[in-house]
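Undergrad: So the chains spell out like this:
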Amino acid sequence: MHLLEDKERSLHNNSWARSKWNVGNGRKYRRKQLAFLCFLLPSFAGVLLFVLLPFLDVIKRSFQTAVTGELTGLKNYGLIFKNQAFLLAVKNTARFTVVCIPLLVLVGLFVAFLLSGLKDGAVIKSIYLFPMAMPTATIVLVWKLVFYRQGFLNLFLSKIGEITGLWGEVTMDYLGTGASFWVLVASYLWKNTGYTVVLWLAGILAIPNELLEAARVDGAGRWKCIRYIILPNLKGSLYTIVILSFLNSFKIYREAYLVAGSYPQENIYLLQHLFNNWFVNLEFDKMAAAAVCVGGFLFVVIMVLQRLWDRAD
Amino acid sequence: MDRRGQGRTWIIGVVFGWMKKYMTAACLLLPTILIAFPVILILTGSVVDSLEMRQYLLPVFGSGEGYIRWKLMPDYPTFEHYGRLLFMTPAFFVLFWNSVKFVVCILAGQLLVGVPAAWAFASYQVRGSRVLFALYVVLMLMPFQVTMLSSYLVLDRLALMNTHSAVIFPAVFSTFPIFLSYGGFRAIPPQLFEAARIDGAGEWRIFVRIALPLGKSGLLSAIVLGFLEYWNLMEQPLAFLEDKALWPLSLYLPEISWMQAGFALCASFITLIPAAFVFVLGQDYLEQGIIYSGLKE
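Chains as they are written, first to last, in the working numbering: chain L, 145 to 457; chain F, 170 to 466.
Quick caveat, the hints were computed from the structure, so don't treat them as lab data. Where hints are given, some of them may not hold.
With a straight-line cut-off of 20 Å between C-alpha atoms, the simulated EDC-like cross-links for lysine to aspartate or glutamate are [what the hints assert, rightly or not]:
id, chain 1, residue 1, chain 2, residue 2
1, L, Lys288, L, Glu410
2, L, Lys204, F, Asp368
3, L, Lys172, F, Asp325
Now the stretches of chain L that chain F is said to cover, found in silico as 3 or more residues with beta-carbon under 8 Å [unchecked claim]:
id, region
4, 339-349
5, 410-424
6, 438-448
Not the full set, but computed from the structure, chain F residues with beta-carbon under 7 Å of chain L [stated by the list, open to error]:
id, residue
7, Val229
8, Ile237
9, Glu249
10, Val282
11, Ser437
12, Leu441
Quick reminder that beta carbons are idealized off the backbone N, C-alpha and C, glycines included.
Required output: the full structure, derived from the provided sequences and hints.
TA: Laid out in structure tokens, this is it:
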């Protein structure tokens, strides 16, 4: 009897071993289960009420007409995939994501490398983080002053052209042409570089110094250290950075909306604009089908990323 | 090699070392100018007299000739905009307090609901808890637009549309703060809880007496990140609040016309102050939170 108790206690000290030994029975396990449920209940009830159940309703509505609620099968889905606005928005959003995320990851890594060599980089790091705290509405005013045809950017470029004699006056319109896409990219980088740098830096500083010392003793140069020790050790950080950048890439809608309104130049017409416009026009049938498609797609992407991440360990 | 040659290589070495050091600094400092530029623009623009501002911006909105002008020190510096905004614009205060109400209610609700949930995920591995956590992560990553319709359906049914609750309730049940506080709780060595359990402490006592004090950096980082996020609320009030008197401050600025650029910049500056204040106070926690969000299960 005593032996058994001792064994149980020693197993209990290692909760993982314990859960492997006897999942689902034992008084202590049941107590744990009860505690888990109690602590989680308020949150889960809220999530169920405000997110999960209504989303089931949305799935149901994606097979119905908007007003009468008649069952129409896959008609809504067919409709959105023939819808020019939807296709344009998907294309732009995909283009934005594909351009921005690798760019942000690389820029952040570069800055983090430079910063990791610096003895006192704390001030620079806070300056890089500061744009996170800038309210979008505040920044949009400045964007307009900078990117309008007679704004600061053109003034600056013209001055450079005047001094070097390479080009004359620049009168490019950045917000009304395809360049608006790159304005969004720039403002995304401007806002998000800070936390990317912090994450990379945390990853770089977490690499044990002995590892690098040992490599140096063995004659590895700076590049070899980076290639064979630092980069492989940063895989975990990469996953997080990609996930967070992805999450934040949807928030670029705020800038796009405040600068250009509900119907911006066609290169920056994003999915977010489309959902908003459908919402305003009460086109719930299309909206439901699109929400199911986009949500399902993101779900799959996140799952694949998570699987890759787990395998990297 | 003679002595002179040695001296030359030494000098080259020093010059290269010097260049490398300053190149790094230059690479890092150049972008900081880009980052500081908007703040300087807002600060200097907010004290420019209306007439002077009109001259600055005339090329942009009027003639279409020439370029925008700007002066670091305006010819006629004035605090008229600040006076007008703070003493003669009641709408500004209504929206300011709306914003404060949103932030305080949402953060309080998130802490009340989310922190116990984070603790549940961090300390009790029971059957199904990993699947549920994965579900929470997925929900955290869903953009607002995907859940907009579902939120609307439930808010409409509960008759909450066009009230502050329409923005507050869905935000309270956001799963992002759970993820951050989870990181804070996971950073505590679990032996501590086991020891307390053996000494006969109940689960609630362990949570309140041990987990909360030791895991508070995760909570604080959730508060700081949450503040910056909800001070900047846009999509939710635009979709769920028709009455402009209910809007937060972040939607007030775009309503100011271009003819009042100085006034708008002044309002920008005042909107920026609370966010900057929280940023400066909570920067360590902010960083910690960003790093926690990178912790693995």
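Undergrad: Run every hint past the structure and note whether it holds.
TA: Here is what the structure says about each hint:
1. Lys288/L <-> Glu410/L: holds (18 Å)
2. Lys204/L <-> Asp368/F: violated (52 Å)
3. Lys172/L <-> Asp325/F: Given pair lysine 172/L, aspartate 325/F is violated - Cα atoms ~44 Å apart, limit 20 Å.
4. 339-349: holds (count 5)
5. 410-424: holds (count 5)
6. 438-448: holds (count 6)
7. Val229: Valine 229/F check passes; min Cβ-Cβ to chain L is 5 Å, inside 7 Å.
8. Ile237: OK, holds: isoleucine 237/F within 7 Å of chain L, min 5 Å.
9. Glu249: violated (18 Å)
10. Val282: holds (5 Å)
11. Ser437: holds (4 Å)
12. Leu441: holds (5 Å)
Of the numbered hints listed earlier, those contradicted by the structure are 2, 3 and 9.
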